[in-house]
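S.K.: Now for the letters of each chain:
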Amino acid sequence: MVFTSHVFLFYFLLLSLAAYYAAPLRWRHPVLTVLSYVFYGWWSPWFVLLMGAGTVVDYYCGTLISSPGASGRRRRTGLLMSVISNLLVLGFFKYAAWGMNTASSLLEMIGVAGFAPPDFIQRIVLPVGISFYIFQSMSYCIDLYRREAPPARSLGDFACFVSLFPQLVAGPIVRYGSIADQLRGRPHSIEAFTMGVARFCLGFSKKIILADPMGVLADAAFGAGPGSLGMASAWLGIVAYAFQIYFDFSAYSDMAIGLGRMFGFRFIENFDSPYRSASLTEFWRRWHISLSTFLRDYLYIPLGGNRKGPSRTYVNLMTVMLLGGLWHGASTTFLVWGGIHGLMLALERWRGKKPLYGPLPRPLRTGLTFGVLLVSWVFFRSDNFGTASRYLGAMFLGNDGGNAAAPLLTSQLAALPNLLWLAACAIVVWLVPNSEVVLRRLTVWKVGACLAGFVISLGLMFAQGYSPFLYFQF
Amino acid sequence: MKGIPPAALPPPEFPPEQNQLSRRAAWVLTAIFLLLLGVPPLLDGLPGRVREFAVAAAGKGSSQPVAERLRGFDASVATAGFTDRPRQLTQQILTDFLGKGNDRVLIGQNGWLFYRPEIQALTGYGPLQPEPHSVSRDPALLDWEAPLEPIREFAAQLKERGVALWLVPVPMKPTIYPEMLGGAAVAAPVRHRDAPRLFEQLEAAGVRVIDPAPMLFEAKSAVGSEAAAPDTRLYLPDDTHWSSRGMTLTAAMLADQVKQQKWWTFSNGPEWQVRPAISAAGHGDLVDKLGLQEPDRWQLPRAEPLQVVELPEGVASAIDRASPVVVLGDSFVNIFDDAGLGFGLPGGGLSSRAGLAWHLAARLGTALDVHAVNGEGASGVRRWLGQRGETVVRSKKLVIWVIAERDLFLSRSVAKANRISWDRVSFAPDPPAAPDQPALHAGPVMVEAEAVEKSDQADPRRANYDNALYTVKYEVRKVLSGPAPAGAFEVVHWHFKKRELQPTSRIEAGRTYRLKLEPWSSHPELQPINREELGEAEPAWWAESVEAVP
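Listed in order, the protein sequences are those of chains D and U.
FYI, in my numbering the residues of the first sequence are 1 to 474.
FYI, in my numbering the residues of the second sequence are 1001 to 1550.
Rather than coming from a laboratory, the hints here were simulated on the basis of the structure.
There is no bait here: all hints are sound.
Simulated pairs of lysine to aspartate or glutamate, DMTMM-like, Cα-Cα distance not exceeding 25 Å:
1. 446(D) <-> 1017(U)
2. 1416(U) <-> 119(D)
3. 1416(U) <-> 219(D)
4. 1516(U) <-> 1500(U)
5. 1416(U) <-> 383(D)
Part of the chain D face toward chain U, derived, beta carbon under 10 Å:
6. 42
7. 192
8. 216
9. 266
10. 382
11. 409
12. 411
13. 414
14. 420
15. 447
Ideal placement from N, C-alpha and C gives every residue a C-beta, glycine not left out.
Just chain D, same shape as in the assembly (with noise of 0.2 Å):
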């Protein structure tokens, strides 16, 4: 289910808000275990069953881990089940079609031909959101291991916090250790419900007033065949896509933040106004923060961090963003772009306390880190190397608008109510305050803004129709 679909919005919501509240104190957890199941089963009632076999074995592999007196042995064997279970329906799922393919073209490479993935491989679908869940169930028994989080009280418990249907698709990663306190209880009010109501509503009208036309312009340009892409057409394209991912993912963190509080529970911020960084380094302080902590405290501190010598930090920053980009899918060009972030954040670090854009005065900074995330973004969104190589070959030599439909492309793309559209997305980007702040000092007004803002986008909604959260397909 979207939260942005009819169903989720008139049915499903209130449904949901009414059982819990109906239910009594203990039943809570599991009501809203049930409706997360069914929200996520209404994609796929399979996905449901993997989900809760995962579930289990997690569960099970926490409490061989945190049994009291377990042995070191049984208590490594815990970890392993879980992270080796949790790799494995990951990799099933998402890299084995990638990895059977790359395997193919290398030995072909090589002259072995005749080795051609099954179909069915080619054929799996990728489970909505399994990247999120499996990360956050894995990292329960992680934190139980290195003894960061407690046990949960039982497996509904356990279950509640892994199908949490708030942020169960696309996050923001949430920590067992993070929640678990809240899982044994919080506090519900009206004054709580209300801040979740207005964080609801700001973020569905960030994605459908701002992220949703911003798509439109995305999928024009990146649906062009060869030869249809005039330089104007990729440049406008690309900052389109930018302005659509930020909003988009953003929106979808703050009604999983609003939906949370609706709930009584509180998940950490996961955006900080990030194109407003004046390098890569800060970016990854403001964007995904959910994310950027979770490769940090599991990938680039086991690694060694920052603390074996400069070399090898900047080859454990490379490895975290190469493995952050095939975290988001697999393809060459999510390694590429996770290549690009990982040089950045290396030679942003090779330099230092001088900044590698010298003394340029801080918008020229952010205009240049905003630069190079224009560039990465290509090839996050291109379907394929190739298609990658074209559009940044529109973007900078102008290439590839020789086809006589091109002008057709580009005074569609430059129409004016899309440039005012894109005005109005920078001056939000750079200008407006996130959402959190915006929203820290609660007044009648404010709410009431938020809840004008969601009427409008229900009209536009109805009007212009929506399109699924970009990062679902992770």
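Model the placement of chain U on the given structure of chain D, informed by the hints.
M.R.: Coordinates of chain U only, in the frame set by chain D:
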């Protein structure tokens, strides 16, 4: 990642919030939010919706997977009546103040409207360079086949039976009038870059491609787009289709080509007359797709000058199933004939007799074997021909297949979204199998039957056509009169007329209805109308109305 501390053990600390809302204000604002969510389902008819969900979830009698049934339920809720007014009002504001179209319609110069998929068909990947597939895309896209091979196979099947295939790709509006979309004036039709190569490959496979684009572009250049008056313009400004003039020019071109065939011997019949007429005033389909609250504020309803074909004495119809010339097509054939497409004669019936097939027949002086179904030009009409049996097909000389060019050039994801598929067609042996086809003149059959499965139902706001039928599979519960079908049978019903949902569109799977059945084949006037099907076999029955059995 510089300077980031190691893993934090304590739970995160959240920034303090300064809530300046009174408790009462919080309750009021929350109540408003809950009302915004709760009132629409009440307006939507909650009990019916709950029943619909139960049927979708249980899936009794349905062969669809549960996930697909739930998608159907999603789509049904998304088109609920309570969305209409806010949708239209919002679109009106967007169009009035920002000149913004929607996901289907682009707004061009001087009130001209364009169909967005046509721009995608001109600028997308196209039929020869497949759109790249990535792991994040729907694996079902892998099953979508590009048009080249199915058309080659179809041509070979026809050739084997001694029948020639002519393909007539009807150019898109921006191909002829790019300047009306804000592009620069051009010296030649704007085509997809694969067009010449695709046409060459089809010619090499024995398909004769008769491309009207150069002729239409020349005709436009002769008068200029800005000066295009109703009687000289070649496309309708607010519709996806060509104008009566563009269509008749093409009909003349085709007729000339047919007459040059050695086997053509039909020149001595009575002359067919054509008289000018004016259609009923209305809006084009793109105005409907724009979904404005007050469409008249965008463009006043207007009439189209038509050329109505008069049948000569002794000729009953322009359709003759025995003709050696078959015309297959889509709404570009039906426009100005099928009144449901918006340009019927004032006070006229379903057929206006001013469409392409009528003009072709008039210029050839003989009736033709025509089968044109709106939205089914790519596959449905070919399947129909394939099902007619060996003897019928072998009696033909020529198939003229008129199809919207955009269908040929859409890349797979856009084609799939627009429900265009290029199916392989099998040719049925003789005689065509139709074991449960009722006799044409059987009397009324009354039954009580349980609806067990429904075909897809297009969204009337987004469809390319004004009228649509759909198919429901029933199981007989009680025979009230007549020779009733045994077991499961399929019935065609109205889905929407003039984009208004009909009562039969609300048939619910799992409920029992009283039906007055008539043979589907006894309603040729309904055949061109868009129809959603459950399978490849032709449905046996038609029912105008149904009555729920309590």
